[in-house]
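Colleague: Residue numbers (full-length UniProt numbering), protein chains in the order written: chain A, 1 to 247; chain B, 1 to 388.
Treat each hint with caution, since some may be false.
[Claimed, not checked] Here are the simulated DSSO-like cross-link-like pairs (lysine-lysine), alpha carbons at most 30 Å apart as the crow flies:
id	chain 1	residue 1	chain 2	residue 2
1	B	Lys218	A	Lys30
2	B	Lys88	B	Lys380
3	B	Lys380	A	Lys5
4	A	Lys115	B	Lys8
5	B	Lys218	A	Lys75
6	A	Lys71	B	Lys380
7	B	Lys17	B	Lys7
8	B	Lys380	A	Lys14
9	A	Lys188	B	Lys121
10	A	Lys115	B	Lys7
11	B	Lys299	A	Lys115
12	B	Lys8	A	Lys140
13	A	Lys188	A	Lys111
14	B	Lys299	A	Lys140
15	B	Lys380	A	Lys12
16	B	Lys121	A	Lys140
17	B	Lys380	B	Lys121
18	A	Lys12	B	Lys88
19	B	Lys299	B	Lys7
[As the list claims (entries may be wrong)] Sample of chain B residues lacking proximity to chain A, with all beta carbon distances greater than 10 Å (derived):
id	residue
20	Met1
21	Trp65
22	Leu148
23	Thr154
24	Val224
25	Thr266
26	Leu385
Please keep in mind that the hints were generated in silico from the structure rather than gathered at the bench.
Glycine residues also receive a C-beta, built at the ideal position from the N, C-alpha and C atoms.
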Amino acid sequence: MIEIKRVSREFKEKKHTIQAVKEVTCTIPKGEIVGLLGENGAGKTTLLRMMSTVLEPSSGEIFINGVNIHKEPMKVKQTIGVLFGGETGLYDRLTARENLEYFAAFYGMSKHETKVRIEELAKRFGMRDFLDRRVGGFSKGMRQKVAIARTILHNPDVIFFDEPTTGLDITAANMFRELVRQLKKEGKTIVFSSHIMEEVEQLCQSIIMIHKGQMIYQGSNEQLYREEESRDLNYIFMSRIVRGESA
Amino acid sequence: MIGHVYKKELKDSFRDKKTIYLSVLLPILFNIGILFFFDMYISNQGKDEMNVVVNEQADNTVVQWMEQGENITIERVEDPVKAVEEGKALVAVEIDEQFMTRLQNMEAPNVTVYADQSSVKASATSESILGILSIQREQVLAQRLQELDIQTSTINPFEVKMEGLSGDDDGSLYIIAIFAQLVIVMGVMMGGMPAASDLFAGEKERNTMEALLMTPAKRLDLIVGKWLTIATLGMLSGVFSVVTFVLFVQYGTKTLVDALNISDNTLFFTGSLIVGIIVFSLLVACVFVVLSLIANTMKEAQNYISPMMTVAMIPYFLLIGTSVNELTVTHFLIPFFNIYALIKQLIYGVYDVTSMLYVAGSSIVVIAITFTLAYMMFTKSRWVLGKS
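Working from the sequences, and respecting the hints, build out all of it.
Modeller: Put into structure tokens, the structure is as follows:
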């Protein structure tokens with residue numbers, strides 16, 4: 001369960017202050033898959049970064065499984081997995097195995113535990129043949145597999161994805177979506193941002209819409225469809241933005 | 001956990017070709033290059049022909065005097081000054097006609113020496129000529145005084161002598177000291193440079209830093225692991241520089257080899273130098289960490305770090321004209337000055353435990369301050385996240 005209470009975040013630049021996120025409040029139940037929608041610059045990534053402990057809120061509080069992120073960040077980090085899109089956060093000159101081993105140690109996994117887990121993930125993602133090659137030579141899709149493996153290496157309860165399918169071909173994108181479905185079956189709580197409405201439609205049970213740092217909707221897909229009398233997320237999203245409604 | 005970060009960073013760095021080039025190959029080539037050319041320069045110094053032209057009517061006796069000079073070749077030409085201006089000779093000597101006859105008749109004939117003082121070789125040649133002529137003049141004077149039954153000391157009440165204290169006559173030790181300081185300091189700084197820009201700015205650029213910060217890894221462990229990696233590469237490069245420097249001087253030079261003699265106090269020399277390299281590497285690595293944290297891309301980091309090489313040259317040039325006897329406590333307490341001063345002292349055979357302790361102590365203080373600054377920056381998201 002994720003609780004976000006009146007969270008704001010400002011960035012100070014030389015001549016003025018940018019309010020990236022404004023008093024967002026919402027609750028994400030355990031085991032739910034939430035789509036985070038918004039235009040570029042709306043504050044999605046900032047919100048994800050705050051939830052994943054990288055950025056501190058300017059005000060407000062965030063709890064994950066009852067633990068205050070700001071007060072006990074180490075405890076929270078142990079239970080979350082994060083994958084931010086674009087770059088994959090991998091070391092090009094290390095092999096896939098070495099990358100995974102490096103990160104595993106930070107989660108306190110023993111060598112044996114790490115080895116077993118890596119073999120399991122390699123099998124699951126079909127990358128056994130690539131484990132001992134350097135990541136720098138990998139294709140985009142293969143890199144994504146290693147990055148995802150790294151993200152769920154320590155079996156986190158909560159997983160954050162930021163535009164995870166950006167730049168992926170159809171095969172890799174489908175693989176990711178299949179992964180999300182499996183993780184859902186395992187009872188994981190997932191929050192991911194995307195610009196691809198079909199993806200959100202297929203995978204998510206509920207939606208958070210953000211516009212100019214403010215939340216303009218939070219709730220289930222079905223309720224949103226009823227309120228808007230439409231199942232076209234693109235249409236709904238644009239309507240909400242035009243109206244500027246607050247949730 | 002610091003060890004875990006450290007091992008991974010070292011492995012990563014050594015797989016980077018830039019690290020190999022800058023930490024290993026470049027120091028070796030740099031050493032060999034400058035020593036080879038300088039040694040060749042010194043060797044050729046003693047062999048250069050000194051071409052001198054004199055006027056056609058110059059007296060044979062005077063010409064014979066000058067030909068006694070080492071490497072001096074005399075040629076008679078119609079217009080000596082013109083010959084020098086045209087670059088055909090280094091020095092022109094105009095000798096009055098009937099020089100010896102007039103000398104014997106108690107007249108005062110002239111010898112005029114022309115040389116372009118902006119030329120090192122011409123200056124050396126003209127000094128040589130003037131020296132020879134001075135000796136001859138004094139001999140004539142002595143002979144005349146003897147004929148008049150006058151003691152030489154009557155007109156020469158005291159002698160003035162100049163003796164050097166540097167202890168090495170041909171300047172080889174001076175040359176070695178100059179290059180040793182340059183080679184070691186440059187080696188340490190070049191060795192740490194590629195890792196410095198890569199481990200902080202580079203990680204920000206590639207988003208691996210953000211991935212790290214989301215794990216339970218302690219920030220202190222991360223920054224210490226990276227700092228020690230940068231310092232280690234600097235140390236390795238520094239040691240490589242010393243080893244290749246000594247080996248090349250021993251086996252690759254002609255004139256410098258005799259001057260480099262550390263067999264008397266090898267242990268102290270080696271130990272003191274290693275301590276100096278270690279503390280200097282740690283200090284430089286700290287500064288590099290701060291600069292790399294400020295930058296958001298590797299290119300930007302390189303732009304901040306590269307000028308450090310130039311800044312490091314300032315104390316080098318300030319100390320270049322300071323003799324080992326002039327070094328004071330202050331020189332050993334100011335970082336960057338202290339490493340140069342220590343190396344110079346060791347090269348000249350001055351072994352002082354106090355100097356080494358001052359160098360280590362002052363460096364540690366500055367390291368503590370700089371590291372604290374770096375760690376404070378590393379705990380702020382502004383400095384550890386790249387631009388979004």
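Colleague: Does each hint hold? Answer for all of them.
Modeller: Structure-based check of each hint:
For the hint pairing Lys218 of chain B with Lys30 of chain A, the CA-to-CA distance comes to about 28 Å; that is within 30 Å, so the pair holds. Taking the CA atoms of Lys88 of chain B and Lys380 of chain B, the gap is about 70 Å. The hint is violated against a cut of 30 Å. A hinted pair counts as satisfied when its Cα atoms are at most 30 Å apart, and Lys380 of chain B with Lys5 of chain A qualifies at roughly 23 Å. With a C-alpha separation of about 17 Å, the suggested pair Lys115 of chain A and Lys8 of chain B falls inside the 30 Å cut-off, and the hint holds.
Simply put, Lys218 of chain B and Lys75 of chain A have alpha-carbon atoms about 12 Å apart, close enough for the 30 Å limit, and the pair holds. Proximity of Lys71 of chain A to Lys380 of chain B is assessed by CA-CA distance (about 16 Å); at most 30 Å being required, the pair is judged to hold. For the hint linking Lys17 of chain B to Lys7 of chain B, the alpha-carbon distance of about 18 Å falls within 30 Å, and the restraint holds. Between Lys380 of chain B and Lys14 of chain A the CA atoms are separated by roughly 18 Å; this keeps the pair inside 30 Å, and the hint holds.
With a C-alpha separation of about 84 Å, the suggested pairing of Lys188 of chain A with Lys121 of chain B is violated against the 30 Å cut-off. Note on Lys115 of chain A and Lys7 of chain B: the hinted pairing holds, with a Cα-Cα distance of about 19 Å set against a maximum of 30 Å. Simply put, Lys299 of chain B and Lys115 of chain A have alpha-carbon atoms about 37 Å apart, too far for the 30 Å limit, and the pair is violated. Distance hint between Lys8 of chain B and Lys140 of chain A is fulfilled; the C-alpha atoms sit about 24 Å from each other, no more than 30 Å.
In summary, the hint linking Lys188 of chain A to Lys111 of chain A is supported, as the alpha carbons are separated by about 25 Å, within the 30 Å threshold. For a cut-off of 30 Å, the pair hint linking Lys299 of chain B to Lys140 of chain A stands: about 24 Å separates their Cα positions. Of the pairs offered as hints, the one joining Lys380 of chain B and Lys12 of chain A holds, with about 14 Å between alpha carbons and a cut-off of 30 Å not exceeded. With a CA separation close to 66 Å, the supplied pair Lys121 of chain B and Lys140 of chain A exceeds the 30 Å bound.
About 61 Å separates the Cα atoms of Lys380 of chain B and Lys121 of chain B, which puts this hinted pair outside 30 Å; it is violated. In summary, the hint linking Lys12 of chain A to Lys88 of chain B is not supported, as the alpha carbons are separated by about 72 Å, beyond the 30 Å threshold. Taking the CA atoms of Lys299 of chain B and Lys7 of chain B, the gap is about 25 Å. The hint holds against a cut of 30 Å. With a minimum CB-CB distance of about 7 Å to chain A, Met1 of chain B fails to clear the 10 Å threshold, and the non-interface call is violated.
Chain A leaves Trp65 of chain B outside its interface by the beta-carbon criterion, the shortest separation being 72 Å against a cut-off of 10 Å. Against the 10 Å criterion, Leu148 of chain B stays outside the reach of chain A, whose nearest CB is about 90 Å from its own CB. Distance check for Thr154 of chain B against chain A: the nearest CB is about 85 Å away, which clears 10 Å, and the non-interface claim stands. The claim that Val224 of chain B is not at the interface with chain A holds, since no C-beta of that chain comes within 10 Å of its own (minimum 15 Å).
The claim that Thr266 of chain B lies off the interface holds: its Cβ sits roughly 39 Å from the closest Cβ of chain A, which is beyond the 10 Å cut-off. A beta-carbon of chain A comes within 10 Å of the beta-carbon of Leu385 of chain B; the shortest separation is about 7 Å.
Hint violations for this structure: numbers 2, 9, 11, 16, 17, 18, 20 and 26, all remaining hints satisfied.
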